[in-house]
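Grab the two chains, each in its own frame, and use the hints to assemble them into the complex.
Note that the protein sequences, when read in sequence, are chains A and B.
Per this note's numbering, residue 1 is the first one in the first sequence, and the count goes up by one each step.
Per this note's numbering, residue 101 is the first one in the second sequence, and the count goes up by one each step.
No lab work stands behind these hints: they were computed from the structure.
C-beta atoms are modelled at their ideal positions from N, C-alpha and C, and glycine is treated no differently.
Some hints could be false.
[Claimed, not checked] 30 Å max Cα-Cα, derived DSS-like pairs, lysine-lysine: (1) Lys456/B with Lys87/A; (2) Lys324/B with Lys456/B; (3) Lys361/B with Lys418/B; (4) Lys324/B with Lys87/A; (5) Lys26/A with Lys324/B; (6) Lys127/B with Lys87/A.
[Claimed, not checked] Reference listing, derived: stretches of chain B covered by chain A, where coverage requires no fewer than 3 residues with Cβ under 8 Å from a Cβ of chain A: (7) 219-230; (8) 236-244; (9) 259-267.
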Amino acid sequence: MSIEKAYMLLSIALFLIGLLGVIVRKNLITILVSTELMLNGINLALVIADRVIGRVDGQIMAFFVLTVAAAEVAVGLGLVVAIFRLKGYEGSSEITQLRD
Amino acid sequence: MSLEGFVEGTVYTILAISLIIPVIPAKRRSLITILAAVAAAIAIIGYGALFVGAATREPIVFYHGLVVHDKFTAGLTFAAAIAAAISLLAMGELATEWPTHPAYYSLFSLILFGLFYLAGAADALVLLASWLLVSVASYIIIALPPDPESKAASVRYIMMGAIATIFLAFWVALHTGIGMQGFFYKPYTTSGISAIAIVAVVAALGFKLGVVPFHWWLPSVYGKADGKAVSLVAGVVKLAFIAAITRLVYVISTNMDIASKVALFLAALAVGTMTYGNIAALTTRRLQLILSYSSIAHIGYIFTALAALAYFAPTDPKIASLAMGAIAIHAIAYSMSKTPLFSLTSEFKGLKGLIKSSPIAAISATILLFSLLGVPPFLGFWGKLYMFLAAVKYSIPLVLIALINSGISAAYYALAVRDILSRNTETEKAPEISPGVEAALVTGAVITIIFGVIAPLILHAVSP
Numbered sequence: 001m002s003i004e005k006a007y008m009l010l011s012i013a014l015f016l017i018g019l020l021g022v023i024v025r026k027n028l029i030t031i032l033v034s035t036e037l038m039l040n041g042i043n044l045a046l047v048i049a050d051r052v053i054g055r056v057d058g059q060i061m062a063f064f065v066l067t068v069a070a071a072e073v074a075v076g077l078g079l080v081v082a083i084f085r086l087k088g089y090e091g092s093s094e095i096t097q098l099r100d
Numbered sequence: 101m102s103l104e105g106f107v108e109g110t111v112y113t114i115l116a117i118s119l120i121i122p123v124i125p126a127k128r129r130s131l132i133t134i135l136a137a138v139a140a141a142i143a144i145i146g147y148g149a150l151f152v153g154a155a156t157r158e159p160i161v162f163y164h165g166l167v168v169h170d171k172f173t174a175g176l177t178f179a180a181a182i183a184a185a186i187s188l189l190a191m192g193e194l195a196t197e198w199p200t201h202p203a204y205y206s207l208f209s210l211i212l213f214g215l216f217y218l219a220g221a222a223d224a225l226v227l228l229a230s231w232l233l234v235s236v237a238s239y240i241i242i243a244l245p246p247d248p249e250s251k252a253a254s255v256r257y258i259m260m261g262a263i264a265t266i267f268l269a270f271w272v273a274l275h276t277g278i279g280m281q282g283f284f285y286k287p288y289t290t291s292g293i294s295a296i297a298i299v300a301v302v303a304a305l306g307f308k309l310g311v312v313p314f315h316w317w318l319p320s321v322y323g324k325a326d327g328k329a330v331s332l333v334a335g336v337v338k339l340a341f342i343a344a345i346t347r348l349v350y351v352i353s354t355n356m357d358i359a360s361k362v363a364l365f366l367a368a369l370a371v372g373t374m375t376y377g378n379i380a381a382l383t384t385r386r387l388q389l390i391l392s393y394s395s396i397a398h399i400g401y402i403f404t405a406l407a408a409l410a411y412f413a414p415t416d417p418k419i420a421s422l423a424m425g426a427i428a429i430h431a432i433a434y435s436m437s438k439t440p441l442f443s444l445t446s447e448f449k450g451l452k453g454l455i456k457s458s459p460i461a462a463i464s465a466t467i468l469l470f471s472l473l474g475v476p477p478f479l480g481f482w483g484k485l486y487m488f489l490a491a492v493k494y495s496i497p498l499v500l501i502a503l504i505n506s507g508i509s510a511a512y513y514a515l516a517v518r519d520i521l522s523r524n525t526e527t528e529k530a531p532e533i534s535p536g537v538e539a540a541l542v543t544g545a546v547i548t549i550i551f552g553v554i555a556p557l558i559l560h561a562v563s564p
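For reference, chain B alone in the conformation it holds in the complex (with noise of 0.2 Å):
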């Protein structure tokens, strides 16, 4: 059997799985559970070798040409469904708790299904039709826990959502009208048309990662919804959503021209994203609040690298290499870090005393801290390092400033590490923390030291 018909079939037993857990009853819990847990391990084997094919031969090709998968793409696709599997974890049984419960098993196996579809889209069509899949997932998924924060937090994802996804129609609109069908076939020109479908489609892209101006949403969505709802959308959807915009930030960027003005513009967006997710999340100590501003920082340092990236395109593959790699690397680390750490904000809400609870999972917690703060040898340090040489040789302004971030956020991570490791409570009795949310951390823990160790490895299994 080859490659793409092994993928195939599991990305359609993944569907298969979706569809089937909505018509179980309600009552058996752990046999739903045990198929989502399924769906998930699936997803892991196809992806995984999905990966491993896209990084021994060519760019592996489905349905002829409307789906392809790069090293890269296939790489953040196989970690989107191992941070899926740690979200399921640190989630378990809890969800049957739910007033809709098979929901929530079906919605994930859906949001595995529709992964492979958004990060390896290469035609407009397909782009549109699993980003809808994939976004009116995570709308619900965000809508299922029975508070009403919750429900309120979905309100403002789905307003924003519509908003992306019209920005999205339009781009499809434009790229149709000035006759483009597939992404790889004439090159944007310097013509208005092509500047309005660019601006549209970073505006599509940048409202779902939450990119300044376009961030208003993102603090009271992943600040206020349930955590463990929101780490499966903050942690495995969006790194799906940066493997299509680095993808079409590729494609957009064909001749110097045209290059330079795109790189010129995400660089903007970086500058104002960082500053602003850094600055934001000094002014709380809730940790989930800290979360959803990082996670708008980290996008802003993922830009710098995209700057890069669209600048060196059309000139230098070498470096625009070196830049994808590092996207790629940092985005691993974002998602390995934030979804063991949403879920743990949905149990502990103060944080202090959590060493007092569970010793492993207060260092594991300050291990993907570090992580996201840059400390080596985690996997997070790797990332910015590459992203920041490849930043540095397009503009050195732009990495001095995304430094400088870097040191702004080392006061909020390290206020966080400090009431974890904290001994003084706010109550007599330590909270308890649940078996799941351990694993979760312990695992994403020793995947940030694991892929820390080896990233160079990784920097070349990844870069296209």
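Next up, chain A with everything else stripped away, as it sits in the complex (with noise of 0.2 Å):
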């Protein structure tokens, strides 16, 4: 197996885990780290794309992505941060746990 083939592989892997992740975990965490890894599954996805046609378009794709995946985290630790502050501990599960 050539090295581009494992890179693809590892990073079709990767975007599953956190697939997989958004759709069993309920906690609102663990979703956005979630996704976290399926956007990096993309990244790695760009950069070896790249590798095979030769171009760096995807490279410069890749820190657009990186930007993305910091700023949805921000915004969504940001909330949680304040729902804690406003309903405590305890209150805040039912909202960060997505139960209605």
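See the structure below:
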């Protein structure tokens, strides 16, 4: 197996593990971590695609995807902190656990 | 000075205002509000000039083709700026009472800035970046009001947003993988990777717009968060997303083979979306929830026209252009109605007795609801008429389903109107309504009537 193929399989595996986490877990922080994993899988795919084709477009995209991940997690975690301040540790679980 | 230079200048001024607002001391409330109003005014002038420019000559190209505004996208951007001004009018100084108060006004300007890029994106990178800018600003705006309901709504919104962004990033990866950088380069083919790319991008935008089966978040965000925050997200930001998806559908439908498949996919989504939205809206009597479900239904109507656009894009540019103009008119009608009505719901939970506290607001709200229902001569009627005229060329059963759905929607709109016009209130005293919301309702109603009268002219101005 060539090195590119191995990395591609790794990126698909990362994406699928992340997807499983988003579907199975109910905790907001775990879901955010899982989305990170999916985005990193996409990043790896972008960089590997570049190596195969021999361009740099995908690497530029990968930097953008990093920014996307950082911005979304920053807002998500900020919101978790806001909820903890508003309702305390006990009251916050019903919101962060995504219960109705 | 060239038109491009003028528009870019206004866009950067709006960005500057958005960056200045957080620096101003929090106690200078009126200054902060005035600055946000100035940003809205600049946006209306700048995007108005963009629209006039795009309507009278060729599409306007910015940044060497990274952002391209044609009649359609420029019209929607201009309408979004007007809707943002209405939303700010309803909000007034109220957001200064929120715990983090300059944030609302700063993010309001940031959204106005992002609309320009999101609606006009002609490159995968610009789409991803502006998508992120606008989405993150809307998550925070939903989370800003002090009540726990808004925080819970924002949690759902971020969850959904993260998934939508991942689908978009996935599309970007495939899009670069098949060797396309700008939108307008090589056509999509019928290969497997193109099919996955198309499904990914429709899923990303479907999540954002609340298309069935990606709709589960929408009622708990639009229906539970503070109405004035929702009015900006539901009425203004959505226009830019509609512009983005319309352009993408136009771009991916390059040949007959692929266009018919895309059209079938969109038509199936349209049927599910409008049927779910209209039937779910019958189950509630709370105006904010009715409006959220009707938001889903209206995206369904827009998808019927999108299906026609996809089908006719490669073969018959005339019908494709009619479909695009119809989508623009309907989206404008939707935005002009939803923005003030969502603002109203934050003050007026029950609706009964609105005519007692303010007859003019009650009449305006009635006009806006009738426009959503599609009663002539209001703008919503023309939107539906042109959309169905375009869609009937594609598939008659699809239009029949849309018409039946439109009939179902009459039930809940009529009940809401009856509540608004009834003089019996639940309490002794009719609830108060703030002058800002009253002004927003009247402005929305006046625009709906005027645009309704000149709708054929607007169709000509926005269809490319």
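The hints, checked one at a time:
The suggested pairing of Lys456/B with Lys87/A is violated, with an alpha-carbon distance near 38 Å, which exceeds 30 Å. Between Lys324/B and Lys456/B, the direct Cα distance comes to roughly 26 Å. Compliance with the 30 Å bound is thereby established for this hinted pair. Distance check on the hinted pair: Lys361/B and Lys418/B sit about 20 Å apart at the alpha-carbon level, within 30 Å; holds. Taken as a hint, the Lys324/B and Lys87/A pair is honoured in the structure, with Cα atoms around 18 Å apart against an allowance of 30 Å.
The hinted pair formed by Lys26/A and Lys324/B meets the criterion: a straight-line CA distance of about 20 Å does not exceed 30 Å. For the proposed pair Lys127/B and Lys87/A, the alpha carbon gap of about 27 Å is at most 30 Å, so the pair holds. Counting residues of the segment 219-230 of chain B whose CB lies closer than 8 Å to any CB of chain A gives 4, so the stated coverage by that chain holds, three being the minimum. With 4 residues bearing a CB less than 8 Å from a CB of chain A, the segment 236-244 of chain B meets the requirement of three and the coverage assertion stands.
Only residues whose beta carbon comes within less than 8 Å of a beta carbon in chain A count, and the segment 259-267 of chain B has 6; three or more means the coverage holds.
In the structure shown, a violation is registered for the earlier hint numbered 1 alone.
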